[in-house]
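Going down the list, the sequences are from chains A and B.
Quick note, the first sequence lines up with residues 1 to 246 if you use the numbering used here.
Quick note, the second sequence lines up with residues 1 to 254 if you use the numbering used here.
Hints were generated in silico from the structure; no laboratory data involved.
Watch out, some of these pointers could steer you wrong.
What the hints assert, rightly or not - Derived DSSO-like pairs: lysine-lysine, alpha-carbon spacing no greater than 30 Å straight-line: (1) A:K23 - B:K116; (2) B:K114 - A:K20; (3) B:K116 - B:K188; (4) B:K157 - A:K23; (5) B:K5 - B:K188; (6) A:K23 - B:K75; (7) B:K75 - A:K20; (8) A:K20 - B:K71; (9) A:K33 - B:K5; (10) B:K74 - A:K33; (11) A:K33 - B:K114; (12) B:K74 - A:K20; (13) B:K74 - A:K23; (14) A:K20 - B:K157; (15) A:K33 - B:K132; (16) B:K5 - A:K23.
Just so you know, these numbers come straight off a predicted model, no measurement behind them.
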Amino acid sequence: MNFFYHAGRYFAMLARVFQKPEKHRIFALQIFKEIESLGLNSVGIVVIISVFMGGIITLQVAYNMANPFLPVYLIGLGNRDTLILEFSSTIMGLIMAGKIGSNITSEIGSMKVTEQIDSLEIMGINSANHLVLPKIIAVVFIFPFLFILSVFFGLIGGLMVGPAVGAVTATDYLNGVQYGFTPYYVTFSIIKTLFFGFLVASIPAYFGYHVEGGAFEVGSASTRAVVTTNIMILVFDLILTQILFR
Amino acid sequence: MIEIKNVYKSFENKDVLKDISAIFLEGQTNLIIGRSGSGKTVLLKSIVGLHEIDRGQILYDGRDFTHMPPKARKKLRQEMGMVFQGGALFDSMTVEENVRFPLDMFTEMSSAEKQKQVDFCLERVNIVDANKLYPSEISGGMKKRVAIARAIALNPKYLFCDEPNSGLDPETSLVIDALIHQITVDLKITTIVNTHDMNSVMEIGDNIVFISDGALCWTGNRHEILHTDNQTLKEFVFANKQYQKIRDEKIDEE
Ligand SMILES: Nc1ncnc2c1ncn2[C@@H]1O[C@H](COP(=O)(O)OP(=O)(O)OP(=O)(O)O)[C@@H](O)[C@H]1O
Ligand SMILES: [Mg+2]
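Just chain B, same shape as in the assembly (with noise of 0.2 Å):
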């Protein structure tokens, strides 16, 4: 469980979150959605300390995060993993390489044991015959899966996944979609994926966290959002008439 109170953080002076306080609850899809410059690559950014918040307080399962001295810091650090907006992979290793680089770093493993850990990250994705591939010989949803691969190669208690579906088609974003919400259930991890999909938040939102301008305007899961009367929400989700006429569907069926 990650719980974040009364955050803040600016940049030179322009305020970028305000005052959000959120939980993200254990063996969940968390969302955090909201229009693109809203602050959820800053808000995640900071619940991972990549970013200094200004004020306020991140606890990860009850350890205060924000007041945690480094060395600390970078015990904590090893049970997280986080997939970029862009994949982020090591340019310079290839695919098994990037997924082997955390076990290489961070633990005594024999070469065995760390070729069996990077086959089954690799497999739990669904990447074979590309371990000796480069990152720049293989597409964007690959990309994007072995970096999941490489989160997960430490069997990290939180996964951060910051927009895992940008530029990728609706079909293979659903894939991404099913596996972050598998390996979450399956492993019994935190997740806290940010994104402005609406497919996602129709499938995975377990918990949804919505921020408009850097503040927080709504939480519910994707079953209450389809009941929202919160008007700020619904132009945003239901700016689409496709996602009305799903909505309309949807409150029918129940």
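Extracted from the complex, chain A is given alone in its bound form (with noise of 0.2 Å):
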């Protein structure tokens, strides 16, 4: 019943969110903003966890098999599909909901009980749009970037750390690392992480944009926005990969 109720009013929101913008010169540099704030930023907790994650995997995968019949390439292998597969993809969608979806929600939503939508409405603009869209516009763009991003500095990650501590050598993680590619895990991914972005972007967007009361509503709403966020970014991960992978 409450699922149907939220459900209903988010699409009018985005049938709202999606009409023409007013003026193309400010949405463009609305858009470049959202870009430098939402994704720029997020770049350094993405570098982070991706080289920790990597290393941990790699260890992971080597300590498992310690078994002399199976090939050492597998280490670099299992690094390389598991970051591409979940963690650069749909680990890190998660933790984006927590940092950028946390922003959108506690934005809108402050805009929302100072009246600041009020005033824009008053002017004539269609606030979900002037807000909302270049939010969406940007972080669809930007997460292809972080997942490349992620896999990549996954890899080098793996590649610290394996041979630091003497789980595997250098040529053996980068030769495994290489092996047997597939190129549709990547593709997949990306549809995947195109599917995410929206995702973080408007249903924080619509926690914020209807926050009825004062800063203590704004902060409960940011955490409703993550929790949700993340429940439908696992439910997407399921019927994409059912859809995409079979």
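Build the complex: two chains, separate frames, hints provided.
Right, here's the structure in full:
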């Protein structure tokens, strides 16, 4: 019941979001601003997390197959495919829902409770379009880049950690990384990140846009936005895997 | 001139506005007064279309706003300026950018022309040397004045102010009142101000609409309010002994 209520309002908001913007020049400027504030500011955390996770996955794979009959190239390969298939797309999406999503909800939510959104409306500006569309475009645009960045630094992480602790030699690791590479895995994950980017921008925007009350409500809306986005990302991961991977 | 006819508005079965009709004239400061929670903000937001009304009609110089198609509504919105209860300046923009924003969105002016209009509006509200500051860096009174400057940037025909004096000291309140009144007279606009500040009522109340519990209770001007025998209005306005004294003095003067 509650779900359908929110879904209805969510799609009603999207219908207002996807309209022609007032001034194209201002709109373009807005998109660049959002790419900077939501995208470039996320590069650091993506790099750090990916290096660590790449290192950890490499160690896990190495220690779990301490069996002389299994080929060593599996270590690099295991890290690569884990990164591409799930970590850099889905797990990164979950992390970004926390970072970018809560940012979006609190920004739009505080504009709502301080009547800044009403100010836009009274001027004759479609506030949903003006505020939300640049964010959606920016996040959908940057997500594939963050994905590639994450895979790259995850592989670097493995290369740094694996040889350093003696779990695998650099040569074996790099051979493994190149072994049996399936380009479709990358295509598949990039398609996923486009969906996740849309969810990470639009769901928190919905929660912010419909806040009633004050600063406290903005805070709890942020929390609900992140939780909901996380669940939707996992649901979409399941659906997309089923559709695209058979 | 703005005319509202038999306006009703409710939220989830809670009737907030009940059959309100009123006329707000051009070149006058029209006041909506009433207790906290009586429905002033809801009425103002209904007039400007931020709330859809349940029943009734709102006319802007004879143009039926209530049944207008969205495109025409949007056009009419550009003739409106509004100052919200908290100022509602855009946090992410400087004072100057706030005032320029409507010009950026709706005009084809060159940047020199825009700058001229921005400076004119800010001068109008006596804001100097604050152009590059952010809303968080200026005082409450300044925020209200910048909000007024932004509201008049597009030379509106209709100006709406929701409690422009709330949270301000009495002296600053008088300045803001005088400012709103002067802009209204100079630019010949139709201004509607929500207030529960009795100073404003006595100073600038050309046309006063008193609502109580969401229903229209009394209309008149600041002179008539002194002689009213409407009990609810008397209780509201002259709750304060000071105002009873002022009233008696004023009546003596007349
Ligand atoms: N969006 C809303 N949903 C439900 N009820 C609302 C909404 N907005 C206002 N109300 C109710 O309408 C009534 C009138 O509120 P309103 O804000 O118009 O009062 P007000 O006269 O402006 O008061 P104040 O002087 O304190 O600003 C209140 O009882 C309020 O609870
Ligand atoms: Mg109010």
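> What are the numbers of the hints that this structure violates, sorted from low to high?
Replying inline: 9 and 16
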